[in-house]
Amino acid sequence: MINCASHAVFHCIDEKGKRNMKSKRMTRKGQLQMTETIAILFIFFILLLFGVIFYFRYQKIAFQEKQEELLAARAMESTLKALFMPELICSRGEAEPEDNCFDVLKLNATQKVMQQYLDEYYFEIFSYATITVQETYPENKTWVLYNKPKLEFTRKEPTFFVVTLRDELAGKDQPEYGFGYVAVTVYS
Amino acid sequence: MEVTFNWVYILIAGAVILLFFVGLVARQKTVSEERLSGEVVEVMSSILAGAGVSEKTKNFIDASGLADYTLYFSCQDGVGEFGIKDRPTRTQNSIDPIFAPREVQSSRIVTWSLPYTMPFKVMDFLLVIPSNVKYYVMGNDAEFVHEFLNSTEGIERVFVLGLEQIEPEENLQVRIVDTSGAIIPSSDVPAQLQPFEDAEVSAVVFTGVNQVDFYQKQGPSWQKMNQKAARVISLPGERDAAKYAAIFTADDETYWCNMNKAFTRMEILTKVYGGEEIAYGEAGGKIGELLSYYKNDISSDCQGHLEQYNENALDALTKLSHATAACRLQQESCLDLIEAADLLKKINDKLRISCSVSLY
Numbered sequence: 001m002i003n004c005a006s007h008a009v010f011h012c013i014d015e016k017g018k019r020n021m022k023s024k025r026m027t028r029k030g031q032l033q034m035t036e037t038i039a040i041l042f043i044f045f046i047l048l049l050f051g052v053i054f055y056f057r058y059q060k061i062a063f064q065e066k067q068e069e070l071l072a073a074r075a076m077e078s079t080l081k082a083l084f085m086p087e088l089i090c091s092r093g094e095a096e097p098e099d100n101c102f103d104v105l106k107l108n109a110t111q112k113v114m115q116q117y118l119d120e121y122y123f124e125i126f127s128y129a130t131i132t133v134q135e136t137y138p139e140n141k142t143w144v145l146y147n148k149p150k151l152e153f154t155r156k157e158p159t160f161f162v163v164t165l166r167d168e169l170a171g172k173d174q175p176e177y178g179f180g181y182v183a184v185t186v187y188s
Numbered sequence: 189m190e191v192t193f194n195w196v197y198i199l200i201a202g203a204v205i206l207l208f209f210v211g212l213v214a215r216q217k218t219v220s221e222e223r224l225s226g227e228v229v230e231v232m233s234s235i236l237a238g239a240g241v242s243e244k245t246k247n248f249i250d251a252s253g254l255a256d257y258t259l260y261f262s263c264q265d266g267v268g269e270f271g272i273k274d275r276p277t278r279t280q281n282s283i284d285p286i287f288a289p290r291e292v293q294s295s296r297i298v299t300w301s302l303p304y305t306m307p308f309k310v311m312d313f314l315l316v317i318p319s320n321v322k323y324y325v326m327g328n329d330a331e332f333v334h335e336f337l338n339s340t341e342g343i344e345r346v347f348v349l350g351l352e353q354i355e356p357e358e359n360l361q362v363r364i365v366d367t368s369g370a371i372i373p374s375s376d377v378p379a380q381l382q383p384f385e386d387a388e389v390s391a392v393v394f395t396g397v398n399q400v401d402f403y404q405k406q407g408p409s410w411q412k413m414n415q416k417a418a419r420v421i422s423l424p425g426e427r428d429a430a431k432y433a434a435i436f437t438a439d440d441e442t443y444w445c446n447m448n449k450a451f452t453r454m455e456i457l458t459k460v461y462g463g464e465e466i467a468y469g470e471a472g473g474k475i476g477e478l479l480s481y482y483k484n485d486i487s488s489d490c491q492g493h494l495e496q497y498n499e500n501a502l503d504a505l506t507k508l509s510h511a512t513a514a515c516r517l518q519q520e521s522c523l524d525l526i527e528a529a530d531l532l533k534k535i536n537d538k539l540r541i542s543c544s545v546s547l548y
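Protein chains in written order, with the working numbering: chain A, 1 to 188; chain B, 189 to 548.
Accuracy of the hints is not assured; some may be wrong.
As the list claims (entries may be wrong) - Across the chosen pairs, the derived CB separations fall in these ranges: (1) B/V219 <-> A/L49: 20 to 26 angstroms; (2) A/E68 <-> B/D256: 29 to 35 angstroms; (3) A/K141 <-> B/K534: 30 to 36 angstroms; (4) A/P158 <-> B/P383: 57 to 63 angstroms.
Simulated from the structure, these hints should not be mistaken for lab results. We put the beta carbon where it would ideally sit given N, CA and C, even for glycine.
Just chain A, with the same shape it has in the complex (with noise of 0.2 angstroms):
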């Protein structure tokens, strides 16, 4: 402690001053430290939610483009899987069944059957989705075989696949054949 009775009155101002000074100086520091602190952390914090909103859009994006990727996956699988159908294709007794074909008579029976069993049956094979079979020649012919859409879809996918459609009994002594296509639409 210092003792200004024993020192000049000047001194004892200075050293006052001088202490008064160096507080000042010492908080007007710790101020400043304390807002370049928070401008740091500010800015941290900025940084810190561009990246986690970065990440999240990618995310987003990412989670769209694999669920796209996905359902045009799910649209081939399921034409696919729609032109080898046991219950459409030409068979021809124990022979290879003719490929890329449809049998109209056969058609008109499997329509009844795929909407008896939709839900029971098919439904696991072909999820949300409709296949249509369009005859194009020689007439306009349309064989509604598998129809669930979902009610409130995202995205759809339709592909589409040109078959020849056989009728046995159009022909004399030999099927006749025509031709179409198969729309296969699934939804997400």
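Could you slot chain B onto chain A? The hints should help.
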């Protein structure tokens, strides 16, 4: 004092940050493993779906990337399941029959799709054959042995005259195919197979017409796995899908579970060919359309083959429909399916020759 405090603060903060990153890495590891197993199951599902519709094709899948994983296949109560062992990702399917060993850990997998006909095509059976199983074929059914060896190129298989000729290789599991039905039931496990684990040695024995038994090594002897006789429901002919399925499937339980999937589809298919009315012996579906077309054509054999002759398509299809329904309820009734299917096949041939149309 201030300096010490700073160090403690830095240490704590450092430890917290380190812990955070360690936790993040651990979590990411679990997530990526789950994702990988999910992707593996997804890829396998696509491969199997593709293979399932590609009739009579064999696909050789390089699974060296999956060699560390054990794939498992099971089928219970009509629901098949496959996935990676001890991982949560799995896929279930009650439609497509997959005949495979219980567990597969192999760098190469063969998938083979065979059409199952009864007498019309019911569906494709998918056989999953790992390269680390060797099939030893024996017995006196020379015709089948010859056909089997010809049709299974690319699969580890060899013909042996007797059990003593088996020369097992390291890292290869053994499945014996006894076509005569007399060798395995009357023998012990041969000495050269004794060092193998019980689960690594099994046998499939065709004990009679349309009958198969599954055996497993149990110490020095064979243990029959099926309590009742397992039936092979198929029509005679080459590449009998039901017979091949028995050879490549794990046991009677999974075999019959997968066969039931085929019978379910068959019941639906009889309705395509005969309509809902076929259950009461009346014509609907495709046969209904054929009958309406030929109704006024009295001169031809078509109406006769379809409805009027003693052996006609409508009766045969009705019989097949009834037999299918009965088979789904009781395994013993399934043998009636063979007779009904055979009759329908004969009538379909006659129909094709005399009318240029066919039911299937």
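Hint check:
{"no.": "1", "hint": "B/V219 <-> A/L49: 20 to 26 angstroms", "verdict": "holds, 23 angstroms"}
{"no.": "2", "hint": "A/E68 <-> B/D256: 29 to 35 angstroms", "verdict": "holds, 31 angstroms"}
{"no.": "3", "hint": "A/K141 <-> B/K534: 30 to 36 angstroms", "verdict": "holds, 34 angstroms"}
{"no.": "4", "hint": "A/P158 <-> B/P383: 57 to 63 angstroms", "verdict": "holds, 59 angstroms"}
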